[in-house]
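Chain A is already provided as a structure; the job is to place chain B on it using the hints.
Number of protein chains: 2
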Amino acid sequence: MSLKFKIEKKLEGKLGRAGVLETPHGKIKTPAFVTVGTKATVKALTPEQVRDLGSQVVLSNTYHLYLQPGDGILKKAGGLNKFMNWEGPTMTDSGGFQAFSLGAAFGDHVSKIASGESSVSRCGVENGGTDSSCSLAKIDEDGVTFSSHIDGSKHKFTPEKSIQIQHNIGADMIFAFDECTSPQASYEYQKEALDRTHRWAKRSLDEHKKLNKENKISLLGIVQGGRHEDLRKESAEFISKLDFDGFGIGGSFNKDDMYTAVGWVNEILPENKPRHLLGIGEPVDFFGGIENGVDLFDCVAPTRMARNGGLHTTDGKINISNAKFKEDFNPIEKGCGCYTCQNYTKAYLSHLFRAKEMEAGTLATIHNLYFINKLVADIRQSILDDNFEDYKKEFLGRYYN
Amino acid sequence: MSLKFKIEKKLEGKLGRAGVLETPHGKIKTPAFVTVGTKATVKALTPEQVRDLGSQVVLSNTYHLYLQPGDGILKKAGGLNKFMNWEGPTMTDSGGFQAFSLGAAFGDHVSKIASGESSVSRCGVENGGTDSSCSLAKIDEDGVTFSSHIDGSKHKFTPEKSIQIQHNIGADMIFAFDECTSPQASYEYQKEALDRTHRWAKRSLDEHKKLNKENKISLLGIVQGGRHEDLRKESAEFISKLDFDGFGIGGSFNKDDMYTAVGWVNEILPENKPRHLLGIGEPVDFFGGIENGVDLFDCVAPTRMARNGGLHTTDGKINISNAKFKEDFNPIEKGCGCYTCQNYTKAYLSHLFRAKEMEAGTLATIHNLYFINKLVADIRQSILDDNFEDYKKEFLGRYYN
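Here the protein sequences come in this chain order: A and B.
Under this note's numbering, think of the first position of the first sequence as 1, with each following residue one higher.
Under this note's numbering, think of the first position of the second sequence as 1, with each following residue one higher.
Chain A extracted, bound-state conformation:
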């Protein structure tokens, strides 16, 4: 294990903590938001822009890179960091979620995977995500068989294959191969899938140990179990006993019980290893996740929303395409320290979006990522300053007013 995790301060009476996670490509101050760079690029930004707006770590998607350009090319390029010119810490997911949600179905025995309206799946993936649709993929004990969303070609991910691909991509932190069930799935199916996910966790770990000769890559196990307290706790118990370097919390929650479920899990997971809540990124979620012991979050929402003109402000979201901004010569948010707010007006952004100019996406993405990174950094600081509850009340009261 090449990850070092140090807790600097705990949130009194709660599971939350501020810490520092050390990776081969640098330190991450946690809690942290992980910026999504699906296809080895954070859409619309150079790596220098990503760094300058405060992103500490980038997550790419294994499913996408496997299909295009192929993990062999990333290996030949010297790995993800070198390929995409990002010097900081990196992660990849296991590819499972996208194989289920994007891979078209075929075969005689298919399991229906409805991504539904769960809190987790609303985030989806950066490109081609079909969060609200149902798709089909064939799942068996060995793994998941799917068709490429690009050309329909047939592929199979197994735990071993996922780990092999992730080692070729070569991020600092990678994930065990798991099954992300639908929130609509029955208890019986959730239980069956969870047992399989646990068997896949062991297989992922075995394959990882075989490949990780240089000990540069860290493997995070994933806790599943849907909305069920007993399954979530069983999963946390099982996964925490395996020799993982950290943990992901995946799957489907209802928005209402998400934080509770995260708390069930984090009370069991070992305190000294980092925890990543997969695919979550609304402002309110950071408070709920962090006070329940989450260290890392990733989500495409801030970047995808930005490209559609949706911008975060401390007074809530605005859409820059609204006619009232056409002659508004103020920045998106007065006092915001981001490059966009320091240099451009809402009138200019409004023009760029109407004119369908590429810089529209760039400037909006810079603002939203800066906003989210700063929010998570401010929550971290509030833990250090014994000020979490006040900051939470102040921020949420203003944002969701």
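Please note that the accuracy of each hint is not assured.
A pair counts as met if it fits within one copy or between any two copies, since identical chains are not told apart.
[Stated by the list, open to error] Under the rule of at most 25 Å between Cα atoms (straight-line distance), these lysine-lysine pairs were calculated in the PhoX-like manner:
id, residue 1, residue 2
1, K334, K75
2, K393, K334
3, K154, K326
4, K356, K76
5, K356, K82
6, K392, K9
7, K161, K326
Hints in this document: simulated from the structure, not taken from any laboratory.
Chain B alone, transformed into the frame defined by chain A:
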């Protein structure tokens, strides 16, 4: 006149010269390539990226900004530089060329304006240019009536209106309103249009003097005359006698006689004022234009080509979408000093283009603009070093091999 132009060295036995053009927003070392930022943004780049790749001056299109967001918004924003966050020198064209080529026709008396296959019009404008098509606009003594290519609304540009719009936009250097004729037009029509352009030149100048109280904006007159030596010379004589701060050479040439025609004009134009060849930007054109006395060039070709995957190298153009680059881990050009070549491989660019990622356009545009800026800077240096002919032979021999 707020332009100061100083010739540092002349090309022996030819019309070419290396100089420095001083504007209210800084100095331009000439000859220089003017980067096109049609809608107050250089497509796919931030102003800092534009500056860092060596661009000295940006030209926006009056027709586009008038229609979207409207020159009134640019005026309220404090002018083009402030609106788009570009600190360096700026230009706008007169809007005439786009009104002819993009504005749809209506009215009872229409003149057919075929943009044809002339050397000039191949460059067109950054967005929505319809270089090879014919379009219709109504021209009369007063000006040009056209319909917006965005919403079909009816508009009229006159010399006075063009100058008023350009003053609202507020670039450092603006152009007189002219008619750019088709190369297919008859001699008689060319003559008629030229006389009208000369009357419009005077009207443009009168309006400019009325509006230019602060003496911050410089007006360049435009020489037309098509492929006809007598008309070109007549136009150069006429325009050079008016109180312009510099000159544009516009209109239609055949590729073969373009440099000759430019020479006819520049032998007549006063030596102490800058000359801009409108809409020209192929590598060979810089040599031909510069040795015939051109100081400034603008063209969308380098940026538009880049967004389509066409990249300049000293060994000629390549298309990055070619399958052979998929596993080519070299930069676009070894030894190239641009950000893209310093940090990315052809394999990565190839991936970004195949994946239709926004950074594909950004990285390719950075390379092409750097390449063109450096080429023109190297030609300038070869004039200073008495090495122009050798450099021309070497570059062209390799590029067009």
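The hints, checked one at a time:
no. : hint        : in the structure
1   : K334 / K75  : between (44 Å within a copy, 22 Å between copies)
2   : K393 / K334 : within (21 Å within a copy, 55 Å between copies)
3   : K154 / K326 : between (48 Å within a copy, 22 Å between copies)
4   : K356 / K76  : between (36 Å within a copy, 22 Å between copies)
5   : K356 / K82  : between (31 Å within a copy, 20 Å between copies)
6   : K392 / K9   : within (17 Å within a copy, 66 Å between copies)
7   : K161 / K326 : between (51 Å within a copy, 23 Å between copies)
Every hint, counting from the list given before, is met by this structure.
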